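Chain V is already provided as a structure; the job is to place chain B on it using the hints.
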Amino acid sequence: MSVVQITNGKAPAVAKRAAQRDWLFIAALIVFGVIALAALLGPWIAPYDPYALSGEVNGAASPDHLFGTDDLGRDILSRVLVGAQASVFAPIAVVILSTVLGVAFALIGAWFGGWVSGTIARIIDVIFAIPGLVVAVLAVAMFGKGLVAPIVALSIAYIPVVARLSQTAASRELGKPYVAALRVQGVSSWAILLRHLLPAMVPIVAAQMAIGFGYSMLDLAAISFLGLGQQPPAPDWGSMISTGQAGITAGAPEQSVFPAILVVITVLAVGIIGARVTVWAEEKDA
Amino acid sequence: MNALTRILLGRLGGLVLTLFLASIVIFSTLLLTGDPIATLAGGAKPTPELIAQIRAEYHLDAPVWGRYWDWLTGVVQGHFGRSFVYKTDVMNLVAPRFGITLQLVILTVILILIFGVGSGILAATRGRVVDRTVGILTSLGMAAPTFVVAILLIWIFAQSLGWFPVFGAGDGFWDRLWHLFLPAVSLAVLFLAYISRVTRSSLIAQLHSEHVDTARVRGIPRQRIFATHVFRNASPQILAISGTTIAGLFAASAIAEVAFGLGGIGSLLVEAAARSDLPVVQILSLILVTIFVVLNAIADFISILIDPTSVVGGNRE
Numbered sequence: 000m001s002v003v004q005i006t007n008g009k010a011p012a013v014a015k016r017a018a019q020r021d022w023l024f025i026a027a028l029i030v031f032g033v034i035a036l037a038a039l040l041g042p043w044i045a046p047y048d049p050y051a052l053s054g055e056v057n058g059a060a061s062p063d064h065l066f067g068t069d070d071l072g073r074d075i076l077s078r079v080l081v082g083a084q085a086s087v088f089a090p091i092a093v094v095i096l097s098t099v100l101g102v103a104f105a106l107i108g109a110w111f112g113g114w115v116s117g118t119i120a121r122i123i124d125v126i127f128a129i130p131g132l133v134v135a136v137l138a139v140a141m142f143g144k145g146l147v148a149p150i151v152a153l154s155i156a157y158i159p160v161v162a163r164l165s166q167t168a169a170s171r172e173l174g175k176p177y178v179a180a181l182r183v184q185g186v187s188s189w190a191i192l193l194r195h196l197l198p199a200m201v202p203i204v205a206a207q208m209a210i211g212f213g214y215s216m217l218d219l220a221a222i223s224f225l226g227l228g229q230q231p232p233a234p235d236w237g238s239m240i241s242t243g244q245a246g247i248t249a250g251a252p253e254q255s256v257f258p259a260i261l262v263v264i265t266v267l268a269v270g271i272i273g274a275r276v277t278v279w280a281e282e283k284d285a
Numbered sequence: 000m001n002a003l004t005r006i007l008l009g010r011l012g013g014l015v016l017t018l019f020l021a022s023i024v025i026f027s028t029l030l031l032t033g034d035p036i037a038t039l040a041g042g043a044k045p046t047p048e049l050i051a052q053i054r055a056e057y058h059l060d061a062p063v064w065g066r067y068w069d070w071l072t073g074v075v076q077g078h079f080g081r082s083f084v085y086k087t088d089v090m091n092l093v094a095p096r097f098g099i100t101l102q103l104v105i106l107t108v109i110l111i112l113i114f115g116v117g118s119g120i121l122a123a124t125r126g127r128v129v130d131r132t133v134g135i136l137t138s139l140g141m142a143a144p145t146f147v148v149a150i151l152l153i154w155i156f157a158q159s160l161g162w163f164p165v166f167g168a169g170d171g172f173w174d175r176l177w178h179l180f181l182p183a184v185s186l187a188v189l190f191l192a193y194i195s196r197v198t199r200s201s202l203i204a205q206l207h208s209e210h211v212d213t214a215r216v217r218g219i220p221r222q223r224i225f226a227t228h229v230f231r232n233a234s235p236q237i238l239a240i241s242g243t244t245i246a247g248l249f250a251a252s253a254i255a256e257v258a259f260g261l262g263g264i265g266s267l268l269v270e271a272a273a274r275s276d277l278p279v280v281q282i283l284s285l286i287l288v289t290i291f292v293v294l295n296a297i298a299d300f301i302s303i304l305i306d307p308t309s310v311v312g313g314n315r316e
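So the sequence lines, in the order shown, correspond to chains V and B.
Each residue of the first sequence is one higher than the last, beginning at 0 in numbering that gives the first Met the number 0.
Each residue of the second sequence is one higher than the last, beginning at 0 in numbering that gives the first Met the number 0.
No lab work stands behind these hints, which were simulated from the structure alone.
Any given hint might turn out to be false.
Said to hold, decoys possible - Some chain B residues flagged as far from chain V (calculated, every beta-carbon gap over 12 Å):
1. 20
2. 146
3. 177
4. 226
5. 274
Unchecked claim - Partial list, derived from the structure: chain V residues whose beta carbon lies under 8 Å from chain B:
6. 143
7. 147
8. 226
None of the values given here were measured: they were computed from a predicted structure.
Backbone N, C-alpha and C fix where the C-beta goes; we use that ideal spot for every residue, glycine too.
Just chain V, with the same shape it has in the complex:
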């Protein structure tokens, strides 16, 4: 990246900025840790049953209901906590699936080259030509509403980004003299692939995973917001933002605004973590 080139030769400023960023990085890690913990423990730490009707409709925040109650009188804090599961784990599923598929594409392409690599590049071009949201909507139209179809669809839609990045990393690693040396020594292709190539790609792929998590969280929340993902009454941040829209006009914005803030905070935290890991990956590579 050009940003790195610019800051080269200005070591003190870079070090100072890195120290500031580290403070931010730790804060982001803590925020993400708390949210992940809430997602894990949500059903146990929620103060109320997320489906229970309290009788107080569109209630404002109060000691009894810290985030207020929604249009049906359900406790918003409890729904946010239980909904964290779908909102946080579904993007993780997308990231893992797309990384496995993308890295596999990249390794096969980089290793075999020639027409194999050309075919893979063509497949990736076609996937890239269909916007992620459209892939997800197509999948929902085919297989019905819910989180499964969008998770699979987004995993496919994210392949191009992962594959292009890992292919660049893989080709660069393959060009290094030690790979040729290993080949001359008669080390098998699989051994080179699994023991040398793959580990060398870990930092750059890890950085991409963190960044990809933010994108897939936004995309999945958008799909739930559109009513095509997690189906009510099951709680999910995206669908809560959407069903809460009626509450806004009724003067009770809580049930939309709280999950919305959580989406933004989570994506921000993961973005900061991703940026830091990217810098590490680049430093390691340099």
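For chain B alone, kept in the frame of chain V given last:
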């Protein structure tokens, strides 16, 4: 034939091939559901008559390749097929809704270019304080998806302050503009922040380059250096990324349309998907993919024309 023409023709060929392959993918969605009849019946329990009707209407007995070809040639000629859920030609659904989406996207693009590129230029040229302020704002903006900005705008500007309508598209130019303003802002924020970042970093890369130093030493006025050396050289990258962003807006528009109750093709796509109306979803997907690919290619062409050497590396990073 010179090298530039050859490159452009090559890109054009790639574009047509990509569109062709994408259309096969979109067409095959009907086959991948396993049971096209159940899908086309849209959840209704198919009676024998209904099955026969669907078979005849969608030529399900014909070979797959023939059906694909008929579908594609039909679509190119404007025969979009029939929606089973809405009981009407898909064209009747798409045509009246396309205008709203187009207007929303154009308004969004104007906002993105003015405020995104503008703030990027300010950040790169007006010193540390401006740079930091823009940096903080764009960090926030890049974490603010359309649906979040939309509900915040509805809450603050439509509900609490009452400055803007909450719902619908309005009639006449000014009323339409008034109705589309909040949706366009909600759609623009994330992309605007991104374009601002890209503009800033490509300008800074140019400002620190040797040819700009040389121009400065030669005493060329700052404004001219900026126009002819810095901005011109940075523009292919800004354009390529703006092109991709703008191309994606037509699909992303769905979120703003649903949030603000606008009857564009995006909200139609969502509604059709929710009701498993595959003929409608297929046509809209094909339209969105075509727009996406063509706009990307145009941005690509323009940046090649501005700076032919940018293709030497072979990629657009």
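Structure-based check of each hint:
no.: 1; hint: 20; verdict: 5 Å, violated
no.: 2; hint: 146; verdict: 4 Å, violated
no.: 3; hint: 177; verdict: 18 Å, holds
no.: 4; hint: 226; verdict: 21 Å, holds
no.: 5; hint: 274; verdict: 9 Å, violated
no.: 6; hint: 143; verdict: 7 Å, holds
no.: 7; hint: 147; verdict: 14 Å, violated
no.: 8; hint: 226; verdict: 6 Å, holds
Figure legend: structure checked against the earlier numbered hints; hints not met, in rising order: 1, 2, 5, 7.
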